[in-house]
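Participant: Can you build the whole structure from these sequences, using the hints too?
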Amino acid sequence: MIKNEQELAIAKQQVEVIASENKSLMQKLQAEIAEYEALVAHNPENPILLEVESAEQISDLPIKASIAFKITSQELAKICSDETEPQNNLDYASELLKVMKILGVQLIDDLFFVAKMSNELKQKLQFLRMGEGLHSVIQEAA
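For the sequence shown, the positions run 1 to 142 when the UniProt record's numbering is used.
Incorrect hints may appear among the rest.
Ranges between beta-carbon positions, derived for each pair [what the hints assert, rightly or not]:
#, residue 1, residue 2, range
1, Gln123, Ser94, 21 to 27 Å
2, Gln139, Met26, 43 to 49 Å
3, Gln6, Leu96, 51 to 57 Å
4, Ile2, Ser94, 56 to 62 Å
5, Ile2, Lys23, 49 to 55 Å
6, Ser81, Ala19, 48 to 54 Å
7, Ala55, Lys98, 17 to 23 Å
8, Leu8, Leu96, 50 to 56 Å
9, Gln139, Glu37, 33 to 39 Å
10, Ala34, Lys3, 20 to 26 Å
11, Asp109, Asn46, 16 to 22 Å
No farther apart than 25 Å at their CA atoms in a straight line, the calculated lysine-lysine pairs in the DSS-like style are these [to be verified]:
#, residue 1, residue 2
12, Lys98, Lys78
13, Lys28, Lys3
14, Lys124, Lys101
15, Lys101, Lys122
16, Lys78, Lys116
17, Lys70, Lys101
18, Lys101, Lys116
19, Lys122, Lys70
20, Lys98, Lys122
21, Lys70, Lys23
Treat the hints as calculated values from the structure; they're not laboratory data. Ideal Cβ placement from N, Cα and C applies to all residues, glycine included.
Facilitator: Structure below.
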């Protein structure tokens with residue numbers, strides 16, 4: 001229970017802080033929802049402009065490009081494993097760069113990137129998806 005003007009002022013200040021924090025969180029979630037919906041709605045035949053807010057988010061670029069290009073994580077893993085030369089000493093940075101190269105992600109300005117699916121990637125995906133479809137048909141027939 002508020003017992004005096006000082007406690008009232010403190011309570012009002014706390015209400016403003018809580019409302020501000022919740023508004024900020026809500027805006028962030030709304031932005032993430034809008035971004036995901038835009039990625040899902042993207043036509044994979046077209047290049048896409050990708051943006052990150054900081055260098056720490058660069059690792060999100062392959063995820064965003066995969067969503068926009070309708071590539072599942074399993075498909076991307078298969079394509080990446082086909083591209084990998086046998087190496088025992090792979091590090092995260094080189095793996096990230098390899099995946100970004102496969103997805104056609106390129107820096108265009110500061111933290112803006114463009115991703116474009118190459119014809120080679122389209123062909124690999126088509127071959128991979130045809131193989132999965134054939135495998136399903138064989139299993140159903142057996």
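Participant: Run the structure past the numbered hints and jot down the numbers of the failing ones, going up.
Facilitator: 5, 10, 13, 21
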